[in-house]
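> Each chain is listed here by its residues.
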Amino acid sequence: MASIRRRTAMLAGLGLALPQPALAQMDATRAVNFIQTTGNALVEALNSTTLNAAQRRERVANILRQAVDMEGTGRFILGRWWRVASPAEQQEYLRLFEETLIRNLAARLGEYQGVRFSLGRSQQRTEEDVLVTTVVERPGTPPINLDWRVADVNGQPRVVDLVAEGTSLRLTQRSEYSAVVQRGGNQVSALLTAMRAQLQQMQARQ
Amino acid sequence: MRFGPLLATALIVIGLAGCATRPPASDPEAVAEYDANNDPLEPLNRGLYDVNTAIDTVLLRPAAVVYRAAVPPPVRQGVRNALGNLRAPTILMNDILQGDMDRAGRTAARFLINSTLGIGGLVDVAAWKFGIRGHGEDFGQTLARWGVGEGPYLFLPVLGPSNPRDLLGAGVDVVASPWFWLGQGEVVEMLRWVRTGMTVLDTREGVLDTLDTLYATSLDPYSTLRSAYRQRREAEIRNAGQTAPDAATGTGFGVGVGVTVPPGTTLPAR
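Residue numbers (this note's numbering), protein chains in the order written: chain V, 127 to 332; chain B, 5 to 274.
The hints are simulated quantities; they were obtained by calculation from the structure and are not laboratory data. Fair warning: this is a prediction, and the values are worked out from it, not measured in the lab. A couple of the hints might just be wrong.
What the hints assert, rightly or not - Per the computed footprint, the stretches of chain V lying under chain B, defined by three or more beta-carbons under 8 Å from a beta-carbon of chain B, are:
| hint | stretch |
| --- | --- |
| 1 | 260-271 |
| 2 | 292-298 |
| 3 | 315-321 |
Just so you know, even glycine gets a beta-carbon here, dropped at the ideal spot from N, CA and C.
Using the sequences provided together with the hints, build the complete structure.
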């Protein structure tokens, strides 16, 4: 660990750009508190009886916008194609990514009435982030494990991944997006076209 | 078997055309991704994926939709419970082979309670009255515990996502099950077919919402399924998270039966 940090410092000293901005370490207690607060806010919005479906969706979308590290997660998911993309494509991608993610999550979370969640026992730490485990329960369905990967982004705790029963959302989506780029002749524009079409479909449905 | 040689030739031709080209070493990131995907047969697999989509569209999905609409939930739950109970000897064998005596004890207790008080497994009395929840286990997972690698990713029509290790495991599970050996005659033969048919139907119904969501939201469902299957199996092998229900099978879409995933995550695992 120390040697990696020393090498990082050396590279920085040589003026070499690192592929990812070095993230500050995340404190486990802070990460857990953050998930507790965010989770409670989500549950409250979802189980609210005074809001209608559209209002609930809007409330959930707002909570997610604040809780998720949109840029970092979006860049992680685009992976090696981020550097291939032009600055304009990067901007367009991040805009489409945020819109798609929020709509997807808010639409489907909106069906989660009567949801309860509790913090799991284990919190795994890595060098950069903390995996906070929660158990989500809904009436009539077996409980599931939902893990939140929390990282420090500019001094604030932010969600960078959701892991459902062992399946990471950002890993699955990175695989999906990369396949679209490759099958579109290694062009990021192919992905942007597909994302735009998908977003239009979603807007038409809602 | 007149079609045997023809089929073999066709498979060889598809197989030769079906190998993905490894990216050049000059592009280390592309190589890393190629290795991480573990899918050297991708063109062949995508062909078989299209075959599956065709069969699924005209046959399997409609059957699952009708099954869900026509059969009330308690009956479907009973069917799933009974299918899970029939898997108990297999789960028990793999619990023992993995040296997990605690889980083996629970599997044995569940089988005894549910086969008797639970009316041949239709009612999960063990979970309901005794708090002994079920879990899935199969020989593919046992092999993984013994250090056997998964081998190249495979996508097979009807069955779904898999790999040589999980396929071999599923085969061993079938042959090692007492139901493979016990009984003979037309009635037993018919019961075997009923069980197979109900497993296919229950599996497809069990992943109906997950796959609908996946096909509707993924820009490339093939690679989403591949990633989700491999991650899900890894979690199962580690026995992480909430345990999979015992009706979940060892490979294919069946690994997802009964696992309800949250929104936003497109998984075959349900």
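> State for each hint whether it applies.
Okay, the hints, checked on the actual structure:
no., hint, result
1, 260-271, "holds (count 8)"
2, 292-298, "holds (count 6)"
3, 315-321, "holds (count 3)"
No hint from the list above goes unmet by this structure.
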